[in-house]
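Protein chains in written order, with numbering that gives the first Met the number 0: chain S, 0 to 339; chain X, 0 to 1224.
Source of the hints: derived by calculation from the structure; they are not laboratory data. All clues given are correct.
Calculated from the model, a selection of chain X residues having no Cβ within reach of chain S, i.e. all distances over 10 Å:
no.: 1; residue: Thr-14
no.: 2; residue: Arg-25
no.: 3; residue: Gln-121
no.: 4; residue: Pro-199
no.: 5; residue: Glu-211
no.: 6; residue: Lys-240
no.: 7; residue: Leu-312
no.: 8; residue: Leu-676
no.: 9; residue: Tyr-880
The following label-pair restraints were derived from C-beta to C-beta distances:
no.: 10; chain 1: S; residue 1: Asp-12; chain 2: X; residue 2: Lys-37; range: 50 to 58 Å
no.: 11; chain 1: X; residue 1: Gly-912; chain 2: S; residue 2: Val-321; range: 51 to 59 Å
no.: 12; chain 1: X; residue 1: Ser-872; chain 2: S; residue 2: Asp-12; range: 57 to 65 Å
no.: 13; chain 1: X; residue 1: Asn-227; chain 2: S; residue 2: Thr-17; range: 34 to 42 Å
no.: 14; chain 1: X; residue 1: Asn-227; chain 2: S; residue 2: Asp-12; range: 37 to 45 Å
no.: 15; chain 1: S; residue 1: Thr-17; chain 2: X; residue 2: Arg-514; range: 50 to 58 Å
no.: 16; chain 1: S; residue 1: Asp-12; chain 2: X; residue 2: Ser-665; range: 47 to 55 Å
Glycine included, C-beta positions come from ideal geometry on N, C-alpha and C.
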Amino acid sequence: MVKEENELVNRPDNTAFTQQRLPAWQPMLSAGIIIPGFVLIGLAFIGIGVALLITSRSIQVLELDYTGEDQDSPCFRCSDPAVRNCTCTLQFSNDRLIEGPVFFYYGLSNYFQNYRRYGVSRDDGQLYGDLSYFKEPYDQCEPYRFGGGNNQPIVPCGSIANSMFNDTFRLFQNINGQRREVPLDGKGIAWWTDYNIKFRNPTVTPLRDAFNGTVKPPFWPRPAYELDTSDPANNGFINQDFLVWMRTAALPDFRKLYRRITEGDYANGLPAGNYSLDISYNYPVMSFSGRKRVVFSNVSWMGGKNEFLGIAYLVIGTLCIVMSVVMLIVYAKFKFPEEE
Amino acid sequence: MAWWNPLAQIRDALTGQRVRENDLRRLVSNLPYEGLGKKKQPNRHFPGNSIKTTKYTLLFFIPLNLFEQFHRLANIYFVGLAILNFVPVVNAFEPEVALIPICVILSLTALKDAWEDFRRYQSDKKLNNMPCFIYSRKDKQFVERRWKDARVGDFVKALCNEIVPADLLLLHTSDRNGMCHIETSNLDGETNLKERKVVPGLCVTEPDFEPESFNSVVVCEKPNSNLNYFKCYVEKPNEEKVGAGIGSLLLRGCTVRNTDHAVGFVVYAGHETKSMLNNNGTRYKRSKLERKLNVDVIFCVILLLAMCLVGALGHFFWRQALPGVPPYLVPNSNGQVDSPSLSSFYMFFSMIILLQVLIPISLYVSIELVKIGQIFFITQDIDLYDEETDSRIQCKALNITEDLGQIEYIFSDKTGTLTENKMVFRRCSIMGTEYPHKENAIRLAVIDEPESEEEVIYTQQPQSPQHGWSLDAEASSPEGTHRHHGSRQKNKFAGNAQSNVAFSSPLETEVIPDRKLLGQVSVAESTISSSSQKMDPYLDFFLALAICNTVVVSMATARRQRTHKYPSSFQSTNPLDNFSNLLTKASSLRKVFAPKRDRSFSDASFKEDDRFNPFPKVDDSGVFSSRGQTVESNGRNYEAESPDEAALVYAAKAYGFILLSRTPDSVTVRLPSGQVLVFEVLDTLTFDSNRKRMSVLVRHPITKECVLYTKGADYSIMELLGAPYAEHLSGNQKTVVADTQYHLDCYAKEGLRTLCFTKKVVSAQDYNVWSVSRQSAMAAIDGREQLIMDTAVQLETNLSLLGATGIEDRLQEGVPDTILALREAGIKVWVLTGDKLETAVNIGYACRLLEDEDLVINMSCKNKLVCTSILDSTLEEVRRYGNDPRNVDTTPDISLVIDGHTLAMLLSKDLHGRFVDLAKRCRSVLCCRVTPLQKSGMVKLIREKLKVMTLAVGDGANDVNMIQAADIGIGISGQEGMQAVMASDFAISRFKHLKKLLLVHGHWCYTRLANMIIYFFFKNLANVNLLFWYQFFCGFTATAMLDYWLLIFFNLFFTSAPPIMFGIMDRDVSAEVLLGVPELYRTGQGAGTVVHWIIMLGSVAVSFILTLLYTSCITCNSYWTLQKQLADPIFYLICIITTVVALLPRYTFHVMRNSIAPSPIVQARHLDRLDASTKEVWIKEWRGYRGAGAVKRSKLSDPPSPNNPRTPTSPDNLENEITLTSFKI
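Put together the whole structure using the sequences plus the hints.
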């Protein structure tokens, strides 16, 4: 007995694994599964598409361009880069109530926040409030790393921070010739994680002491600790507008949340009527033939207005059904010849 | 002693170099110099016996290994990229992170190399420390040392069953004739004992060899790797020269057998020994797919450069279009904005870094892993395991597994490949009378029957032979039947388990004498005894059978084990015997999945078992006992270099002519009368492939005549015939020759191997004259072989014909089935054999290479002119035949039979084009009487002319050329030693294994690897295209919308496992269906490139669409993005729609194709879903539908789809049909 076992020392194991007999699942692309599957998918997609489209349609959007390229535009005067501290007023009317909460965005087009070297031109260490980075900013911040007369470190350094959007807006409703200011809510417009975790002010009070020995970014009118003069808590790196700007956009045409309209009489939305928007026009866009706009919009579960997805679902769903019909015809023709 | 003097050292090294490079080496004994400093040693320039097979040393491992790794172009590419990343103006990623993948790859490879090298180091150490006996002058005796201590010029003693530590010139043995037997299975796998003879005239006087008295100079050639050739002479102090050849050389790695001890002089040591020079590790072959893959990689590089160029140009135009300097444009550190052209120049390199994923860093590593996995599964396959020899398939080339799925032509040897190479004596013809040996044929037929029917046959045996065979005694009583049956089974077991002695199975050893011939022999014997002066042709014939060979007789008591089969299990009590194990390990360390050898069981128990239950052997005495003769049944074994010889000796034995012993000087034969004759062997003219015959010159003990017995192939003998056998038969001589020739032709038609036997009486005068020239030829140093052959030809003239024999070489099990399946798989099978035309054709029919309805074209012509015209006309006719539309379905397949002489003409430059044209139209080609060189020439011709994948399969040394010439060489480990196996890429033990190896594993390996590579490129292209299309939205600034960690580790960590698992484990169709429907083999072929291109271009398009979709709502800059996205329902909606969009066209296409024209693979998958019995029926029907001969090679026959049973052939199929319709929709 012993001998016989020894004779066959080289005999391979006869197991399902070594003999490659493990159970396998092999999806068969047979007509029987695919055709009904496609019909079901098609129907589901059409359903989703319709729902998306309806949702998207229910979202009201009011979009106003204020670049001021046209001569008759109220902001034409301000679009000249030579003009400083320019303000202009945009008049617009609203036919029907935009249901609240209404979101107030500013939009830029042809603005490449996704330029590779722009995107990395920041120092997350500084923005986390780490004082050691205040003295020696990250080298990717170049050329906005050191500045001022005696080459002091720039805080916050880098191109993104330097190019921060600095137009400001005030919205008024014109009621019987009177301008009634619409309260704008600037709290919580940035991502929660950005506000609470990623960005921090140095734990130095007062805040401006932390910035001793540093200079502001060259484009900025005021240093970081004076970004919001009205609310001392909204300064430094946790300034909401700053946070929104630092979250760079993926595409060259983007809109960023500016304020929300949630307070007072406007909690339910922007009623129909005439409005005027006071714009302090600071941000130059002519150098890249860009456009500036403001957007008033409400949102749904699917975010902002986006008809593309609904249409895509509808198209694909229809395509699925059409293809399954074609497949069925072909299948029937080839599988059941005219004998019966 | 200027030992420390560097100049002297250099001079010494230079001298050493010169001495080593010299064509002739002069070696002297070390003994007079023993104990002196190294500088005084005469043989100091030659390497010692310690070996080192490691590639690296501890100190230089890292630089050497890195150097080695940078031979791979991909590694240089990735290091270049990593360096590029450190250039600030172009860097796209964190440079340090970008280094990680290449470091991981390099260090993984380095680890693997280090481990392999360490294993080599260990085995070297073990070998070097094996004990051996070296003579020491101080101790005046042989003392135990280690192998590494042996040096050139030492005297080494090897005991019985010990392994020879270095190449030794044999000086003395315990045998008084100066003979020593060795077994070379460690070197070439041949298990028969080989004789080695001491160098004559050096130390014959003393019974004990005195090394110190050795004062001659050994002059030998430079070391070379030829195992069968060695040239050397010994110069005695008196300037007398004694020549010595391979016959006096004990090779390192051989085992001494049947000899108590042998003493030799070390001529080559360590790495200069022939076995080490032959040990060149695994071969590296590049597979076809890999070559294609390189093209794909180059295409990827071009694509990459194109993409980068597009990016750079795009960036340039984007910059040009900007009217001013926008705030997002980052100036360089000087505060200046780079000019558009400079910026786009930088961008080109940034793009390369960004899109580098296109060239998959882990592809080569993954492919290696996949192939290791595939080889693991191939070697694990139990169907490719042979129980008889306990051997698995061996994969020697690790990287051509997928080529197994691409074979279009198979070139096969016949003997030993298609046939068993176990020779069975079947018939003979003596003096023109044929003796058919019917009883023996009956016995063979009985043995042929399957075991289950044995009992029936034995009891049914209606009339037992009248006399002489043991079976009748046993058939008479039921007990006897039972016993016989039992012993038969035991015999079978012995045969199956590859009993320890060659040729011991009853099949080969037992021969039942022909009754008529027995009568003739006994008549002849009686006449001899009356008048002893006259010889009888019958006695001469059998004497020739018994004498004219090189068979070694060994006693069963001194039986040896087959060492190469169970080296560790049988011999681990002897530490030296681990050598074979170690040697194989050292040479095949790269084989990760080498068959493991179990060493755990106890040797002692096994040995005991062996002793008490020796392998049952056929009782040879059975034949004779009934004739009242006694033969000691202690089992005399005949060991022959070729199985034919053994078969003939056994045949002679059956008639009572028993070869008792053979020494170089004498042959002892016992006659049927019981008389023992000792023939003095005057000379042996050994076989060579030019003469195709061998002769033995003996002095007859009674008549004292010099008699030359010659045997050989009929065509080499017939032209040398001269004198008739005896005067009184002179009139008959012509008819004898004609009759014998007729019988030979008949034998050949039956597929038997034929040999002719002749006798010649050489007069004493002639012998003396010849002997002188022979002696001078033997002593010659230059051109000795040629001279020896010339002398042989001188003597072999004027022969008188005795008779001829027919030996059957039995077809291996499963050969016809395998050939049929291979042919159905679209593979053309060619057989190249050295046999006679008739034999070859017969075997061709037997193994279904040729079919009865085939049109067989026989080409055999004498001169080139005829040959050309025959070729032209045949080609013309075949062309006309093939082009005739009426013949499309009715044309019988064309087979070509060519003989070697014609082939030589056809292979010439001006004809080979036409020949290939003709051969490619033939279904099978059979070439006979071809030389090894022609075999390889044929393979090369077809491979180059037709640009097809070729496979050569063979078992013997004559197939080595062919095996090496083909894309895939397969060696069959059989009776003929290991040369073919050593040269091969895969070694199998039976021809039938080829079927599963090609049809299943070949198909799997190919589809797996091809799909895996497609998969690999697809995922990379999809990923890269995503990045690329995004460039259109970011001003071509090489922004990655994904985190760079994701990009850098994309290939290495994130996506490497699925393709690897796919490549190892995927099973598109089950093995049963692949075996059942060989046509599926072809479906894997040829599709590769087209699919590759479609996939590549398709992925570009698909990724474009996907990017368009994504742009509607994606954000970048990674922190918390993922979480945000995951909380957004839109994300899921997009995921769903993307999947559907991507799969919709593919699914539609598949459904359409499956409905309109289902591919065989899909049908086979449908088959796979059925339960086993239904599947079988369907496979049968599929094959039946296709028909036996009607299949055309041009297109795949249309099988009845399981979905659409068109031809219900029998009522019982109806049921299957109902089952089948259940999955019809």
